[in-house]
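**Student:** Going down the list, the sequences are from chains A, B, C and D. Mapping the first sequence onto the working numbering, position 223 (from 1) lands on 223, and the numbers just tick up by one. Mapping the second sequence onto the working numbering, position 222 (from 1) lands on 563, and the numbers just tick up by one. Mapping the third sequence onto the working numbering, position 7 (from 1) lands on 689, and the numbers just tick up by one. Mapping the fourth sequence onto the working numbering, position 370 (from 1) lands on 1352, and the numbers just tick up by one.
Don't read these hints as lab results, they were simulated from the structure. None of the values given here were measured: they were computed from a predicted structure. Every residue, glycine too, gets a C-beta built ideally from N, C-alpha and C. One or more of the hints may lead you astray.
[Stated by the list, open to error] Not everything, but these chain C residues come out facing chain A in the computed CB check (under 10 angstroms): (1) D696; (2) A852; (3) K854; (4) A856; (5) T868.
[Unchecked claim] Quick list of simulated restraints, FRET-style, between CB atoms: (6) D:L1304 with A:A36: 51 to 61 angstroms; (7) A:M133 with D:G1010: 16 to 26 angstroms; (8) D:A1066 with A:G208: 24 to 34 angstroms; (9) A:M133 with D:S1052: 20 to 30 angstroms; (10) A:E224 with D:V1118: 25 to 35 angstroms; (11) B:T505 with D:R1352: 50 to 60 angstroms; (12) A:W194 with B:A666: 37 to 47 angstroms; (13) A:G184 with C:K810: 20 to 30 angstroms; (14) D:R1180 with A:W194: 49 to 59 angstroms.
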Amino acid sequence: MDEVDAAKGRRDRLALLLSLTLFLLLAAMWVALSFATGTFWSSVNIVNLLRQGAMIAVLAVGETFVIITAGIDLSVGAVTGFASMIVALLLTGSGWLTPLHLGFLSTIPGAVCATLAIGVLIGLFHGFGIVRMGLPPFIMTLATLNILRGIGLLITRGATISITNDAFTGFSLSSFGSFPFTDGSTFRVPALFWMVLLVAVPGYVFLGHTRWGRYLFAIGSNREAARLSGVNTRAITYLAYVLCSFCASFVGVLLAMRIGIGNPTQAEGWELQAIASSVIGGTSLFGAVGSVQGPIIGSFILTTINNGANLLNLNSFWQLVITGALIILIVYFDNLRRKKS
Amino acid sequence: MDEVDAAKGRRDRLALLLSLTLFLLLAAMWVALSFATGTFWSSVNIVNLLRQGAMIAVLAVGETFVIITAGIDLSVGAVTGFASMIVALLLTGSGWLTPLHLGFLSTIPGAVCATLAIGVLIGLFHGFGIVRMGLPPFIMTLATLNILRGIGLLITRGATISITNDAFTGFSLSSFGSFPFTDGSTFRVPALFWMVLLVAVPGYVFLGHTRWGRYLFAIGSNREAARLSGVNTRAITYLAYVLCSFCASFVGVLLAMRIGIGNPTQAEGWELQAIASSVIGGTSLFGAVGSVQGPIIGSFILTTINNGANLLNLNSFWQLVITGALIILIVYFDNLRRKKS
Amino acid sequence: HAAGKPTIPVIVKDTTSFYWQIVLAGARKAGQDLGVNVPELGAQSESDIAGQISILENAVAGKPAAVVIAPTEFKALGKPIDAAAKQVKIIGIDSAADSKAFTSFLTTDNVQGGRIAADGLAAAIAAKYGKAEGDVALITSLPGVGSLDQRAKGFKEEIAAKYPGLKLVADKVADGKATTALNIMTDLITANPKLRGVFASNLIMAQGAGQAVAENKKADAIKLIGFDSDDKLIGYLKDGTIAGLIVQDPYRMGYDGVKTALAASKGEKVQANVDTGANLITKANMDGAKQHALLFPKVK
Amino acid sequence: MSIQVRDQGVGAPSPPLLALERLDKRFGATHALKAVDLAFEEGEVHAIVGENGAGKSTLIKLLTGVHPRSSGEIRWRGAPVAIATPHEAIALGVNAVHQEVVLCPHLSVAANLYLGDERTRFGLLRRGEMVRAARVLLDGLGFDLPADAPLSSLTIGQQQLVATARAQSRGVKFLIFDEPTAYLTRREAAALFALIRRLKAEGVTIVYISHRLEEVFELSDRVSVLRDGALVGTRTTADTDEAELISLMINRTIEQIYHKVAVEPGATLLETRSLSGEGFADVSLSVRAGEIVGLYGLIGAGRSEFAQSLFGRRPSRSGEILWQGRPVSIRAERDAMRLGIALSPESRRDQGLCLGLGVGNNLNLPVYGRLSWGPLLRGRAEARNADRQIRDLRIKAASRHAPASSLSGGNQQKIVIGKWLSHGAKLFIFDEPTVGVDVGTKAEIYRLFGDLLQAGAGIVMISSYLPEVHELADTLHVFRRGALVASHARGEAGHERILAEAIGV
Ligand SMILES: Nc1ncnc2c1ncn2[C@@H]1O[C@H](COP(=O)(O)OP(=O)(O)OP(=O)(O)O)[C@@H](O)[C@H]1O
Ligand SMILES: Nc1ncnc2c1ncn2[C@@H]1O[C@H](COP(=O)(O)OP(=O)(O)OP(=O)(O)O)[C@@H](O)[C@H]1O
Ligand SMILES: [Mg+2]
Ligand SMILES: [Mg+2]
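Only chain A is shown next, with the shape it has when bound in the complex (with noise of 0.2 angstroms):
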């Protein structure tokens, strides 16, 4: 009994400290960056940095769901720029939608919700595909992201519309608390990374806590046993979908507030951002391996290696380079320490 107790103690130590050395990556860069340059660790600077890093960060711990199931969402990107347009026609109205007839949808409330509500419609539809259809999710997701463009441009005919709503767009640059900072500036935790803490939190939980979360690895792991179980293996799935692209509406709206444009070919790419992030921070693409904490450490790294080569004045194509090497070495090292315990 006490053996147990102590094996399960010390497999639980192990896993916070495999996230934990990622976290120490990242301060390492942090420290390095601090040296380097003399403006990296201002209020400022880490304030910009938790904001840029925000929305890959919510993408990421998304698409860790999906790739928990050994599945793959290649359209979190199309849906957030989707998202974002969606927000910004009912916040501002145009054509026959005027916010008149839109009544409650025109709200920030309403729009927001009906945002939302139209990513789990998608992630319904990527279920549908995939548990109904029996399509391969890298092939079912991929049609939708062609489709969502698509339809978005032609909602659009591809201008961006611009959200006049300023309590909307405030809040993106709004913060809650804030306590001293070393350089003697006050630091006010942005409210896009109080965001990401809203998903993180219920995200650690459900995955962790709660029996869905268990069975998201399980069907990662051997879909077929956990049908053999009991498990409601479809549900599971559609539920995995759902997610990531609620996640995805959820940082596009995020996304119309940072930007106060609606636009669907914004977003364009992050997919690939948000699954690099998430491999980064310890997820499996072969699936039923991954933690929420590491996604967004994952997405954090990555923005710090744009931020800090910004601030080095670096040659962006330099950043390319160093981004794909960086990734190399980063899963490498990972890989090999997993080996080893």
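Please arrange chains B, C and D with the ligands on chain A, whose structure you already have, making use of the hints.
**Tutor:** Below, chains B, C and D with the ligands alone, put in the same frame as chain A:
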């Protein structure tokens, strides 16, 4: 024995029918478009179509080798762009890279061979990352995608390299063999389409009639079992990625011929088109299922959708929607048919 | 397709961008006014050169009366346009190509646009700081896009030639996304406290950079020049976040392109070269009639 | 309906717990079950036997909702039930330990035990509680397994035990075992039998499938025989004997199952000196041409690890390997194959088969080099080799193109062995070669072993089925916890002694 042979005959016919059905779909699309537009069924347009589909077709064949091993190569577009830059650099020289210094490498055969050799090196690097460093193919090739684009941009400083060698660029418009067409004109089979055959025929023999082809399927089905059966799974993995990058660099040469410039940012997103073509052509992303003819037909189906939409004067945004929807439908019905058999 | 109507396809660089949608809107209007079918064609990205060549080939295969095209790349489109011109009359708009086969050519000179941006930026900095001196930066949307490269070229040349006091401290290339522009601009502000001016050389970059200037409340200190316009940028222009916009006349380009093409297809004589111009619009002059028409094209 | 009325008329107090009426299943062209009528009485142990591919597992899969049936009816206490999904079966109290272990390798043992049946409080998992409960459950069954280790760190036999523990922990009324002892040694099997008897005493109905007839006689009350998908008869176990069952199963009799040819041992092929590696240490033994060396031990004794290090899969850490007297280094599978060593692994699903590929491809995989001309394959030779193995081993498959996944468990096992038979190796290592193979084919495989020996090859046979190694091995080595603890020449030691050495009393 007789019974078995009969069964084999039946299965062979079935396999043929499977690819035939896709072929019939393609034919049906052609017939429909011929009726819908007056211009589709003309030697000019069919020649265009064959030219347009050629490059994705070759990429898709290369990608298929990798997918059969249950891997994926996201870098083929980047390799194509990179190769187009390399061949342009060699042919025109720039900076210290004057044709004089390059000698043989600045001749057309020299430049082409050197470019293909670089393709092989990239494939070896992929193999190294996947086999030796144990990285998931998705991540390894995503990383090289960034690295190649970055290096390419660093070399060219973001500029495009114009190829002044007319003998080189002229090739893409040339044709070999001709026959009278239904509309009275002469149909000249474009050189680019011959290039597809140049890859497809050896590819077909390799995949279906050599033991290495069999080994690709074996490691895609169960790597461990293949290894325990004495298959050199490492070497075969290297082989798959080398073939894929080789095809991609070959496409880079074709692209440079076709557009007369070299630019590392070209062919962005072609990896997704290649993968989609491959899957439409019946390749399974779970590995161990695939052919050479399938992806080629798949890529011409996608090309026909675009060509037809252009001729029908369909809004390009509709094209996105239609392409996405057709991908879902085609893969769905293909699955259905497979299950029945 | 109404029978008997001539068909004149318009091929733009990137159908997903607002700028090209305005060109297409002008072309559409010309189609209605002149009784012409105007298929609206184009690749999905300015960097998809092979895609545009295919579209040109397909368009020519449809045996149109003439073709209006905005070539994505100078060299690459040369031969395909030569080949196409053997069958139909080709009218070029916006950018040049390596071909002598154009029947007529209506362009904004992007190099010139870059120069105007440099002048506008220098003027804005001089107005604030007394002299055209200090650190400036350039944000380009994507690498390998001809028109963007030309704008950058014109901008840099003009700075080097005319404004020795201005120092280009950062030359950033993004990935075509507004958030990336926002991040780059934010980091530029952090890294270069003495930054006085930025040229964001297309719509999306200007949107992102404008957002960064607004949220860091640097409108006073940092003069931002954008390229092209939409509601959001006009709003920024009004509230002073953006010092100036370089605006072309895409609507006219589309309209006149089709009009010229129709005339050429009938064998009429047309002007070989038309410059549709690029204009600097600032808060001061934005209410002028001409500027107003440029800022608010009749898209819908 | 009418059947029920008549049954009651005859005076049967209640309908059988579970009854199958004209149960039928087709997989495409394969008619796997042909209108089977069968009744299971409450509290009985009902054995089902039959050749490989007879349809036993298919029957079980229909009862547990894994596959939908093609036609026919299933009645639970007389009332028709659908059992279209596993969930429904579980809800009725029908659980199975399937022939292939189907659990989640990434999850812990405890998580697997409670999968689909988690303990929660306020919607949150009680993880510690489940590990503790799992521990109690496993200890209660006499299975010595770690409750919080990931399943993938267990051997197949241990995984089989986890599956068993899980099936019986779910408040079952009807429990099915599909070849549960295939990977178990005597000791574990004894624990399992005790469990079955206890469950029976508690009134649970048990269906027991096995190719080991002595187990059938030890445990069951009644036994049903399937042949080619049809039920050929049900007997009361006490009223029948092995000969009758075998003749029902295969329609002929087998004189001698353990076909042992006497071959004069030749030169020493392989010798290990103090070989150590992951899972085993200090093993010294030798194999001569014409000799079968048997390795026996409990689950996890390290036999497989030892064998795999000889084959280069997990290279040894220290010690020496001599091949025909010369020291060699075996770092990879290819090194071993070049020397002439072949390994047929224990886990057919994970290591033995490319399930998605055809039977022929699987059979030819190790010998493609011989079947090709330069790089090009010789299609004729390929077909000939595959067809010969299919015929010799009587592999029941639609054709050599049928995917391996469509074969029954025993027939898959024949592929795993068959692919090495034409390889021309000098030393064959067979790890659990006859797992799930029917008696007739077992005899056939032993006969083929004889042929190999006569051709001058040596064989290392790992088996958890003591009668098999005991009868066949010229030398029998006993492993315990990674060490070689005893060696016996053929016939030198009895079952009891060997077992005692393996357990280490
Ligand atoms: N998924 C499937 N697809 C096609 N055929 C199948 C499938 N599963 C089983 N079969 C076929 O059904 C028949 C019965 O198989 P089943 O697995 O029930 O045999 P079994 O009696 O359990 O044999 P064994 O003793 O070898 O386990 C076999 O001919 C087999 O090839
Ligand atoms: N993948 C693994 N990871 C960790 N430990 C393992 C792994 N595979 C096996 N082991 C351990 O190695 C030891 C030896 O296992 P091995 O499979 O060699 O035993 P065996 O005698 O062949 O048993 P079996 O009869 O089950 O095949 C066991 O304690 C087992 O738990
Ligand atoms: Mg079976
Ligand atoms: Mg073993």
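**Student:** For the hint 51 to 61 angstroms, verify it against the beta carbon of L1304 (chain D) and that of A36 (chain A).
**Tutor:** Given range 51 to 61 angstroms: holds, Cβ gap about 59 angstroms.
**Student:** With respect to the beta-carbon atoms only, verify the hint that R1180 (chain D) and W194 (chain A) lie 49 to 59 angstroms apart.
**Tutor:** 57 angstroms, holds
**Student:** Double-check A852 (chain C) for me: the hint is only fine if its C-beta lies closer than 10 angstroms to a C-beta in chain A.
**Tutor:** 6 angstroms, holds
**Student:** Regarding E224 (chain A) and V1118 (chain D), is the given constraint of 25 to 35 angstroms on their beta-carbon distance met?
**Tutor:** 28 angstroms, holds
**Student:** Could you check the hint for me, namely that W194 (chain A) and A666 (chain B) are 37 to 47 angstroms apart, CB to CB?
**Tutor:** At 39 angstroms between Cβs, range holds.
**Student:** Hint says 24 to 34 angstroms; check whether the CB-CB distance for A1066 (chain D) and G208 (chain A) agrees.
**Tutor:** 33 angstroms, holds
**Student:** Can we keep the K854 (chain C) interface hint, with Cβ of chain A closer than 10 angstroms?
**Tutor:** 5 angstroms, holds
**Student:** Mind checking the hinted window 20 to 30 angstroms against the Cβ distance between G184 (chain A) and K810 (chain C)?
**Tutor:** 29 angstroms, holds
**Student:** Would the stated hint for D696 (chain C) survive a check requiring a Cβ distance to chain A of less than 10 angstroms?
**Tutor:** 9 angstroms, holds
**Student:** M133 (chain A) and G1010 (chain D), beta-carbon distance inside 16 to 26 angstroms?
**Tutor:** Holds, since M133 (chain A) and G1010 (chain D) (Cβ atoms, about 21 angstroms apart) stay within the stated range.
**Student:** Verify the CB-CB distance for T505 (chain B) and R1352 (chain D) against the hinted window 50 to 60 angstroms.
**Tutor:** 54 angstroms, holds
**Student:** Against chain A, run the beta carbon of T868 (chain C) and see if the smallest gap drops under 10 angstroms.
**Tutor:** 5 angstroms, holds
The structure meets every hint from the earlier list without exception.
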